[in-house]
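Chemist: Each chain, letter by letter, is given below.
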Amino acid sequence: MTAPAEKKIVRPYGDTTGDGMVQVSFTLPVPHDKRAEGAAVQLANKMGIDPAMLVHAKQMGDGFTFFVVYGRVNHLVDLSQVQVVERDFPLLSAKEVNAVVKQKLRRKLSVVGACIGTDAHTVGIDAILNVKGIAGEKGLEYYRELKVTNLGAQVSVPELVEAARREKADAVLVSQVVTQRDAHLHNTREMSAAFREAMPAGKRPLLIVGGPRFDETMTGELGVDRIFGRGTTPGEVASYLVHALITNKKARA
Amino acid sequence: MSGKLDLDPALVARARELARRAGQPVVDLARSHTTVSVERAVLRLAGVTGADPDGIPWVNRLVDAVVADVGLGHGVAAPVFDAMAREQMTDVTLLAQKAAAGSVRFTQPTGRAATAARKAARRAVAAGVRRIDRRRAERDRLVKRYGDPAQRPWIYLIVATGDIYEDIPQAQAAARAGADIIAVIRSTGQSLLDYVPEGATREGFAGTYATQENFRLMRAALDESSKELGRYVRLTNYASGLCMPEMATLAGLERLDMMLNDSMYGILFRDINPIRTFVDQRFSRQVHARAGIIINTGEDNYLTTADAVDEAHTVTVSQLLNEYFAHEAGLADWQLGLGHAFEINPDLPESFRLELAHALLARELFPDAPLKWMPPTKHMTGDVFRGNLLDGFFNLVGTMTGQGILLVGMMTEAVVTPWLSDRDIALQNVRYVLGAAGGLHEDFVPAPGGFIQRRARRVLGEAVDLLERIGDQSLLTAIAEGTFGIMKRPADRGKGLDGVAKHEADYYNPATEILEGDRP
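In order, the protein sequences belong to chains A and B.
By the numbering used here, the letter at position 183 of the first sequence is numbered 183, and the numbering carries on one by one without gaps.
By the numbering used here, the letter at position 389 of the second sequence is numbered 389, and the numbering carries on one by one without gaps.
One thing to keep in mind: the hints can contain errors.
Stated by the list, open to error - Part of the chain A face toward chain B, derived, beta carbon under 10 Å:
{"id": "1", "residue": "Thr27"}
{"id": "2", "residue": "Pro31"}
{"id": "3", "residue": "Asp62"}
{"id": "4", "residue": "Tyr70"}
{"id": "5", "residue": "Phe89"}
{"id": "6", "residue": "Pro90"}
{"id": "7", "residue": "His121"}
{"id": "8", "residue": "Thr122"}
{"id": "9", "residue": "Asp126"}
{"id": "10", "residue": "Ala127"}
{"id": "11", "residue": "Val131"}
{"id": "12", "residue": "Lys132"}
{"id": "13", "residue": "Gly136"}
{"id": "14", "residue": "Glu141"}
{"id": "15", "residue": "Asn150"}
{"id": "16", "residue": "Ala153"}
Think of the hints as simulated: they come from the structure by calculation, not from any bench.
Quick caveat, the model's predicted, so the values are computed rather than measured.
Glycine is no exception: its CB is placed at the ideal position from the N, C-alpha and C atoms.
Required output: the full structure, derived from the provided sequences and hints.
Modeler: As structure tokens, then:
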């Protein structure tokens, strides 16, 4: 969005412009003594903090010491060189997701999820769909305006297509954990082919797969709309659903 | 019950009566149904152990075989011990293995065969219950020898690496650093497994699998710690999900001291069938009562999905229901670790006073229960400095309102699973607050008619209103219509429904008979 700016250098700020002051804390697996404190200062120096002030050291248990270090870091940051990967859809809160669905779609958005093939690992799909959620984030069931059908494990592709039809699914979420002999890739291709065969292009639900071993760039090859990898949260999936199905719908067609 | 809040005793009595009215139909339902997990728990008490080469426990194989031949509604005890007599076997696990191989047929015995089978089943299950009794007596002895923690609340810390052999040194380190209770968080998704994994496990997703062997290993390690530290260190796990009755049984057999055991959590948060949950829950609580285990309920979870101010009364309602179900199952007040949490948005004006009012309300409603006070999670951000301050205020409420069990809050909640240093800083926070203000509850009396009293009374009033509404339509309908949290959970849907059966006229369960017949 912004044109490459001219070189602009900044340094951390303690209480004076350009002082470069930072504060870090860490643990070393050694008992607390003079040598441990020396080790902490050495680590701080290697991190670019010089001079380093060791302001706190406390032994924890038998063989660990916790340190707090303040000091001047000698690294510079060039703002014009900063590169960030932009998410191609905005991250929305549960409230915002509900509001957009309610206002723009004017009905509940239907999501059908399953683990397909012989994969019995529902950890992924449950983390995304169950209210319980993951990492403190609630799953899609928690969203008032989403209607979630979780088919669970070992669902066959025809069963999934049938459930998607019955529930008038706007989106189908498939989780694949097992990767022996590329089972996750075969299963996904089978699934996307079945949906292409069963439904005309405009009527087909959004197809999303997720799992720890997928390459997020393989959407075209697998015939799906989106791939989510390790560490995906329910909020990201919900935000994507709103983006792809409502706010940015034309772009998909 | 005048107490610090000057609650109206008539209103408190009314709340309890309404909770009983809402809960009674559920108890009737639980008394007239059984589940595969209840029956598996009976077989575990009768002595079935181990798993097949695929890791499926023999209790699962045996129950499946009985169900295939005679169905679930008679209970498995009579058909199993009838087959034992016919096959002239004495080892139930061996019978399970034969049944799994398809070489035993089961029938529902009648007449003298039925009497004999019931008698044999009762004898075998009674031996299992006696083992639980012995473990309870052993706990009493150890508590006497090493003593309880010097202070209240007891300090509750979580470990969960996924590897039981990593958990053990971490738990022992935590005990040394001041933890009175160690909870081993389960692997994500274990609640939805319809079997209990076997053996020591070294891999889990964000937690360690609950298995009988893992229970045994951790309890033995904490016995060492108790000896070293001169105080009895308690161990906690989870009786929740699809295997609640079996988890309770294994906990009793391995002398766990506390179990998470909520009446509605699985229904609301895991979409487990309501009937399955209530049947399993009643049996598991009967086992906990017998084993002298303190249960921890999960009201804190409501506040992670709902607003902690607007929905504060749903916590009170759930506590009252949990109390009713617990008493009905034979648990005493000292075994009720009713849950609640510090989850009000800290940006809200007077949030701390509101927290004090809610925590004190729970304390005064349940004066003899060791309430479980849960730390902030929803409003913890990556700002660890603010998080540490919030945890300090949480600890202060805990000590000012005399909570029984304090789950130590981590400033890195929502950031990382706790590091060694995070845990140390969190315990330092607890020690400071308890050391500096441990007796403050003696001096702290809210002003008569002031903010805290008014707020507590209002929450109690709203709880009574909600219970009135539930009373007219039964708890199952209320759950089906989304009264708790926002999840609608109809009684004919959800996971585990196919493992539920209505009792036939000749249903027999020796464990229930023993647990209900001679409560200690």
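Chemist: Are the hints correct? Go through all of them and say.
Modeler: These are the hints, each one checked on the structure:
1. Thr27: holds, 5 Å
2. Pro31: violated, 14 Å
3. Asp62: Interface hint status for Asp62(A): holds (8 Å vs cutoff 10 Å).
4. Tyr70: The hint is violated - Tyr70(A) has no Cβ within 10 Å of chain B, the shortest such distance being about 15 Å.
5. Phe89: violated, 22 Å
6. Pro90: violated, 19 Å
7. His121: At about 8 Å, which falls below the 10 Å cut-off, the nearest Cβ of chain B leaves the hint on His121(A) intact, so it holds.
8. Thr122: At 6 Å from the nearest chain B Cβ, Thr122(A) passes the 10 Å test, so the hint holds.
9. Asp126: Since the shortest Cβ distance to chain B is 6 Å, the answer is holds.
10. Ala127: With a minimum Cβ separation of about 7 Å from chain B (threshold 10 Å), the hint on Ala127(A) holds.
11. Val131: holds, 5 Å
12. Lys132: holds, 5 Å
13. Gly136: holds, 5 Å
14. Glu141: OK, holds: Glu141(A) within 10 Å of chain B, min 7 Å.
15. Asn150: Interface hint status for Asn150(A): holds (7 Å vs cutoff 10 Å).
16. Ala153: Holds. Min distance 9 Å.
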